[in-house]
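Participant: Use these hints to put chain S with the ligands onto chain R, whose structure you have.
Chains as they are written, first to last, in the numbering used here: chain R, 5 to 326; chain S, 87 to 391.
These aren't lab readings, by the way, just hints derived from the structure by calculation. Accuracy of the hints is not assured; some may be wrong.
Within a straight-line C-alpha distance of at most 35 Å, the following computed DSBU-like cross-link-like pairs (lysine-lysine) qualify [stated by the list, open to error]:
(1) S:Lys365 with R:Lys112
(2) R:Lys169 with S:Lys344
(3) S:Lys143 with S:Lys232
(4) S:Lys365 with S:Lys232
(5) S:Lys152 with R:Lys169
Ranges of calculated distance between the beta carbons of each label pair, as one might list FRET restraints [claimed, not checked]:
(6) R:Ala28 with S:Pro158: 42 to 48 Å
(7) R:Val273 with S:Ala242: 54 to 60 Å
(8) S:Asn226 with R:Asp260: 58 to 64 Å
(9) S:Gly140 with R:Val31: 28 to 34 Å
Just so it is clear, CB atoms sit at the ideal spot from N, CA and C, and this is done for glycine as well.
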Amino acid sequence: MSALDRATALELYRVMRTIRQFEARAVQLFGENKIWGTIHSYAGQEGVAVGVCAHLRDDDWITSTHRGHGHCIAKGADVGRMFAELLGRETGYCRGRGGSMHIADTSKGNLGANGIVGGGIPIATGAALTATYTGSDRVAVSFFGDGGANQGTLHESMNLAAIWKLPVLFVCENNQYAETNPVKDAFAVEDISLRAAGYGMPGVRVNGQDVRETYRVAADAVARARSGLGPTFIVAETYRYEGHYYGDPQVYRTKDEIEDWRAKRDPLVIARTWLTTDRLASEADLARVDREVDAEIEKGVAFAEAGEPASPIRLPEDVYAG
Amino acid sequence: MSVQPAVRAEGEKPATREMFYAEALGDALRLEMRRDPNVLVFGEDIAQHGGAFGVTKGLLDEFGPKRIRNTPISEIGIVGAAVGAALTGLRPVVELMYVDFAGLAMDQVVNQAAQNRFMFGGQARVPMVLRTQGGSGRGNAAQHSKSLEAWFAHVAGLKLVMPATPADAKGLLASAIRDDNPVIFLEHKLLYRTKGDVPVGEHLLPLGTADVKRQGRDLTIVTWSREVVFALEAADNLAAEGIEAEVLDLRTLVPLDKETILASIRKTHRALVVHEAIKRAGYGAEIVSLIVEEAFDRAAKELAS
Ligand SMILES: Cc1ncc(C[n+]2csc(CCOP(=O)(O)OP(=O)(O)O)c2C)c(N)n1
Ligand SMILES: [Mg+2]
Chain R
5 MSALDRATAL ELYRVMRTIR QFEARAVQLF GENKIWGTIH SYAGQEGVAV GVCAHLRDDD
65 WITSTHRGHG HCIAKGADVG RMFAELLGRE TGYCRGRGGS MHIADTSKGN LGANGIVGGG
125 IPIATGAALT ATYTGSDRVA VSFFGDGGAN QGTLHESMNL AAIWKLPVLF VCENNQYAET
185 NPVKDAFAVE DISLRAAGYG MPGVRVNGQD VRETYRVAAD AVARARSGLG PTFIVAETYR
245 YEGHYYGDPQ VYRTKDEIED WRAKRDPLVI ARTWLTTDRL ASEADLARVD REVDAEIEKG
305 VAFAEAGEPA SPIRLPEDVY AG
Chain S
87 MSVQPAVRAE GEKPATREMF YAEALGDALR LEMRRDPNVL VFGEDIAQHG GAFGVTKGLL
147 DEFGPKRIRN TPISEIGIVG AAVGAALTGL RPVVELMYVD FAGLAMDQVV NQAAQNRFMF
207 GGQARVPMVL RTQGGSGRGN AAQHSKSLEA WFAHVAGLKL VMPATPADAK GLLASAIRDD
267 NPVIFLEHKL LYRTKGDVPV GEHLLPLGTA DVKRQGRDLT IVTWSREVVF ALEAADNLAA
327 EGIEAEVLDL RTLVPLDKET ILASIRKTHR ALVVHEAIKR AGYGAEIVSL IVEEAFDRAA
387 KELAS
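Isolated chain R, as found in the complex (with noise of 0.2 Å):
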């Protein structure tokens, strides 16, 4: 693949500093008790969503997890609206139905966040049965994780995609626990992308701590997708920082190794070491997105709180379409 150029670089590392800044202060939020509900951080998996967001355009389709303000962001969505929907907001995605776990954004092609592991997997599916329907050249692509993988969902909508050859991407980030349950327990091989083989698709394992990795490989799978060849399975291998939701006392994994992945495979760190040594930006460039992207946060924050609450729901015009 051609090297990345500075433009698409830059771009790159801004969505994954924008997702890292929203998590920090989603988290914040929820410690001064502002947001309803509960709230699944992104934080240590940006570059999987970013580097694969980074191929669709706002016609292509994604279905999203319980963890899913990464993809929501790198598909598109305004940060000042997301913040509102977990604010539980009239100014939010859903009028503040949803709340984190439900933000969808269908002008930008986002069909939803998911409360329910897996159940995304064969929604995505069947937008992609839509793009090869209406003769276009879209895609979709689901995200789920290692803990999705082992829905049923996943099995018949890879081979219903398989057989079918729809445009759609399976990517699963592995970030090694699903809650409290480490991988090691959940699957008996090592590498979940030789699935793929059993379904006629390639398999693709990535490291999705380097974005130009999963830009990478995500460029290949998607063109693939849009040229009428079928599906790809991807595993992005990644980790989150966070537990698993607010307050969670974490037992299932040591300090030493949540650490140990922050020292050395941060995506954001990551990005910058080969930003500046590839010359793409200098530290100056970076700082500035840096500032841009804290503005932007903060700015979405206020509108969040400057929105009305979300108004009383109606029945039954809210829930049936008329």
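Facilitator: Chain S with the ligands only, in chain R's frame:
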């Protein structure tokens, strides 16, 4: 919930043809597929074979493999694919061979199709139809004979249709396909080979209107699906004894046509609710509760309090 208008003016007699219930359903699918290129049908063995009960026979020849698709035996995969296709602009009709298999697909029905619109703050529409069949009487044993309408009726966000006659089957399926909500369309395995006059050409019946299948002054029998057949038989027998029973076919369980039920009971002052499903927590109990809440005479209420 909106109710689509019937196309024909009251009183005007449409041309009809005698059809089997299964044929009438196929007729609705064919006409809707001709009318709207975004309608497609998929399910197990529905293409060449025409489905386990012959409803989709002949559709492959007319519409080809892009629009009439066999699927692998993957209930949640195919129902979920219908949800995704519906969210992105198509109008899929997905067939489950038996309602007893719905358990395998239930998450996509209950948590996805039914809730997307509400949870996305109105951003989404899920215009899909899930057709399947239930009911006993064919010696298929317990895993292929249940009546599970109560499962679906309990879920906000779904509509639920259970036609009893060929004409109703056609008119309601056409409306279900045009509806912008997920519609569960429950057929009965022992109705497929029943015959009746069916309007030729476009025939739409609004979802949410019950039908008085027989007028009577002494008793209201509220029922749906195949039990309508038995209720009409029973009404004939009662008539021989001088009792005139009104037979009310709900046709659509969600939305429910409360007004027609209440109007009939206000006239007859007696109600009998009949369904094929297990009685405990069945949909019949919902009808009884409606009657108790809304159709008791004021005098009876005062006595009770
Ligand atoms: C069907 C279902 N089962 C269980 C849960 C509870 N749950 C929520 S997240 C989660 C772990 C998911 O792990 P993974 O897919 O690896 O995603 P991660 O949290 O690591 O991002 C579980 C068990 C759920 N929401 N849905
Ligand atoms: Mg995980």
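Participant: Identify every previously stated hint that the structure contradicts and give their numbers, smallest first.
Facilitator: 1, 2, 7 and 9
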